[in-house]
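Colleague: If you read the sequences in order, they're chains D and X.
Residue numbers for the first sequence, in my numbering: 47 to 413.
Residue numbers for the second sequence, in my numbering: 86 to 264.
In case anyone wonders, no lab produced these hints; they're calculated from the structure.
These figures come from a predicted structure and were not determined experimentally.
Idealized CB from N, CA, C, for every residue including glycine.
Don't take every hint at face value.
A few chain D positions that, by computed beta-carbon distances, are all more than 12 Å from chain X [as the list claims (entries may be wrong)]: (1) L62; (2) C63; (3) D72; (4) V113; (5) R139; (6) E144; (7) M199; (8) K214; (9) V253; (10) F257; (11) G271; (12) M299; (13) L319; (14) E346; (15) L367.
Derived DEER-like restraints, expressed as beta-carbon distance ranges [claimed, not checked]: (16) L89(X) / A159(D): 39 to 49 Å; (17) G185(D) / L89(X): 23 to 33 Å; (18) Q171(X) / E317(D): 26 to 36 Å; (19) A198(D) / F177(X): 19 to 29 Å.
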Amino acid sequence: MDIAVVLCLILAGVSLCLSVLAWRRDTPLSWRFALPEPVEAEGDPRFDTVLDYTPEAGQAHSPGIVVEQDAFEILWFEGSAEAQSDVDIYAARFERTEGAWDNARTGPRLTRAELNAAMDPPQIVVTLGNTIENEAKAGGLWATVASIGGWAMASIVDVPEQGGAARKLNLSPFLGRSNLVKSPMVAYADGSMGLPAYFEMGSTYGVLARFDAQGRVRDTRRMSGMGKPIQPMIVPLSETRAVAFLRDFNLDMKLLLSRTEDGGQSWSRVEALEVFNPSSPVAALVLGEGRILLAMNDLEDAPNDLRLVLSEDETQSWRELTRFRGEGALRYPMLRRLSSGEIVLSYSKGNKQGVVVHVFNQAWVEA
Amino acid sequence: MTRLGSSFALAVLVAWCVQGVLGAVLAPLAAGLLGAAAGAAAMALTRRVLVGGAVALLAPFGVMLPSLALGAMAGRLGLDVVGFSQLELGVFWVGYTVFLLSAFGILREDLYRLGYAPVPVGIMVVVICLYAALSANWFLAAVVVLGQFFWVMKWGSSNWFDYVLHVLLWPVVVFALIF
Numbered sequence: 047m048d049i050a051v052v053l054c055l056i057l058a059g060v061s062l063c064l065s066v067l068a069w070r071r072d073t074p075l076s077w078r079f080a081l082p083e084p085v086e087a088e089g090d091p092r093f094d095t096v097l098d099y100t101p102e103a104g105q106a107h108s109p110g111i112v113v114e115q116d117a118f119e120i121l122w123f124e125g126s127a128e129a130q131s132d133v134d135i136y137a138a139r140f141e142r143t144e145g146a147w148d149n150a151r152t153g154p155r156l157t158r159a160e161l162n163a164a165m166d167p168p169q170i171v172v173t174l175g176n177t178i179e180n181e182a183k184a185g186g187l188w189a190t191v192a193s194i195g196g197w198a199m200a201s202i203v204d205v206p207e208q209g210g211a212a213r214k215l216n217l218s219p220f221l222g223r224s225n226l227v228k229s230p231m232v233a234y235a236d237g238s239m240g241l242p243a244y245f246e247m248g249s250t251y252g253v254l255a256r257f258d259a260q261g262r263v264r265d266t267r268r269m270s271g272m273g274k275p276i277q278p279m280i281v282p283l284s285e286t287r288a289v290a291f292l293r294d295f296n297l298d299m300k301l302l303l304s305r306t307e308d309g310g311q312s313w314s315r316v317e318a319l320e321v322f323n324p325s326s327p328v329a330a331l332v333l334g335e336g337r338i339l340l341a342m343n344d345l346e347d348a349p350n351d352l353r354l355v356l357s358e359d360e361t362q363s364w365r366e367l368t369r370f371r372g373e374g375a376l377r378y379p380m381l382r383r384l385s386s387g388e389i390v391l392s393y394s395k396g397n398k399q400g401v402v403v404h405v406f407n408q409a410w411v412e413a
Numbered sequence: 086m087t088r089l090g091s092s093f094a095l096a097v098l099v100a101w102c103v104q105g106v107l108g109a110v111l112a113p114l115a116a117g118l119l120g121a122a123a124g125a126a127a128m129a130l131t132r133r134v135l136v137g138g139a140v141a142l143l144a145p146f147g148v149m150l151p152s153l154a155l156g157a158m159a160g161r162l163g164l165d166v167v168g169f170s171q172l173e174l175g176v177f178w179v180g181y182t183v184f185l186l187s188a189f190g191i192l193r194e195d196l197y198r199l200g201y202a203p204v205p206v207g208i209m210v211v212v213i214c215l216y217a218a219l220s221a222n223w224f225l226a227a228v229v230v231l232g233q234f235f236w237v238m239k240w241g242s243s244n245w246f247d248y249v250l251h252v253l254l255w256p257v258v259v260f261a262l263i264f
């Protein structure tokens with residue numbers, strides 16, 4: 047027998063051994079969503095504006111919320127303009143002082159230079175975009191990073207606490223591009239987390255990324271179909287059912303939706319809802335017992351206004367809680383529940399010219 | 086390991102390109118030595134903008150692309166290397182084009198996600214090894230198993246396809262098919 051053939055057969059045997067090793071080390075993913083416990087309304091209704099930030103120059107946009115025990119942080123990207131080479135991630139940190147949320151400090155949180163130094167393998171970071179909390183890793187962030195080209199050439203970077211190595215997620219065979227983040231992670235019953243992401247190079251689709259115990263991508267599932275769906279906001283309705291609201295990157299002015307009945311393993315073809323949307327992402331928060339809080343720009347005659355609405359029947363109907371108005375567009379909302387049970391709503395104001403943050407309690411929602 | 090592997094892969098690609106260009110005017114050995122020197126320089130300058138930009142653009146490099154570059158360099162120096170037939174390259178190119186269309190969402194099925202899971206990866210590697218045995222192409226078997234080894238050891242991408250494919254292969258194969 048030819049020595050090359052023998053070598054190939056030996057390598058096939060080695061491969062079988064490697065496959066057994068990989069299979070034994072692999073932990074199957076759980077596809078059951080974790081549902082939050084309903085929070086009881088306590089005390090008087092409270093609604094406070096804790097931050098109304100405008101940078102001295104340039105833009106501040108796309109606030110994300112990092113939740114800690116008895117504290118929270120608002121992250122946003124700030125620089126002369128979006129996608130420019132002077133954009134860094136800024137943050138405002140809030141701590142509870144005498145019953146009120148106090149802005150402990152505001153300033154740069156993650157700079158391009160810091161990320162440059164942390165990237166493994168070493169590579170340049172030109173600009174930073176949407177950044178959210180990596181809820182599966184204490185102190186971790188998911189940052190949208192462009193090293194070359196615009197957002198279509200962006201990648202998602204796993205940014206650990208200070209001192210660790212930052213790595214791009216492996217989500218695409220096209221040079222690891224084009225993937226971005228916007229919405230918070232979705233929790234699973236086994237304690238793991240899923241990351242809603244999206245692809246936007248020419249065609250677009252939403253992605254649910256799942257991870258192994260080391261935080262490496264273990265699986266992905268797509269949300270594709272009508273329009274140009276991006277920025278999925280996943281809302282679990284039960285252990286297996288969820289809806290994903292998606293922004294249409296086309297200007298068809300409709301909010302998009304996809305559903306799953308199997309914990310996110312498969313998603314229905316993305317369809318347009320009869321809900322106006324000026325190509326703007328929405329934020330949602332599950333309150334439990336079929337109640338969902340949603341922040342969205344759904345008014346055709348006032349597309350720059352942001353409405354906070356509540357559904358008590360799993361998205362079948364909505365009632366307005368409040369409406370935010372301001373100069374320019376109010377966009378990119380995010381909603382998160384704090385450890386205290388309060389709810390934080392952040393959004394950018396005045397066409398990316400600043401960031402607004404409100405904190406309110408369950409009693410205010412139910413008032 | 087990611088850092089070292091990427092630096093080495095970039096060095097090989099730089100050496101391959103430099104050897105290819107200088108090979109038109111210099112003797113193969115001289116072009117090879119100058120290519121190796123350029124590759125070593127690229128490894129030493131990982132924090133410089135040009136090198137950092139190349140890594141940012143091209144990583145993960147995987148195993149196949151640098152292995153093919155090393156093979157091509159060895160061939161230019163007169164060593165015997167295992168090649169691929171025009172039919173094999175054509176079939177690969179068609180399959181890889183379908184794979185990229187899937188990645189871009191033009192095809193609804195997501196083929197890339199198969200590269201995260203042990204069972205599909207194991208099946209693909211064994212099938213390729215058996216084909217390599219039939220065609221007596223030990224190079225192909227070595228590359229896919231080496232890629233599987235790095236993938237199992239978690240020395241780089243969490244997707245096996247990133248070790249055995251690279252988007253630069255698409256134009257390289259077109260070039261090889263035409264010329």
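Colleague: Please flag the earlier hints that this structure goes against, numbers listed from lowest up.
Modeller: As far as the earlier hints go, 1, 2, 3, 7, 8, 9, 10, 11, 16, 18 are violated by this structure, in ascending order.
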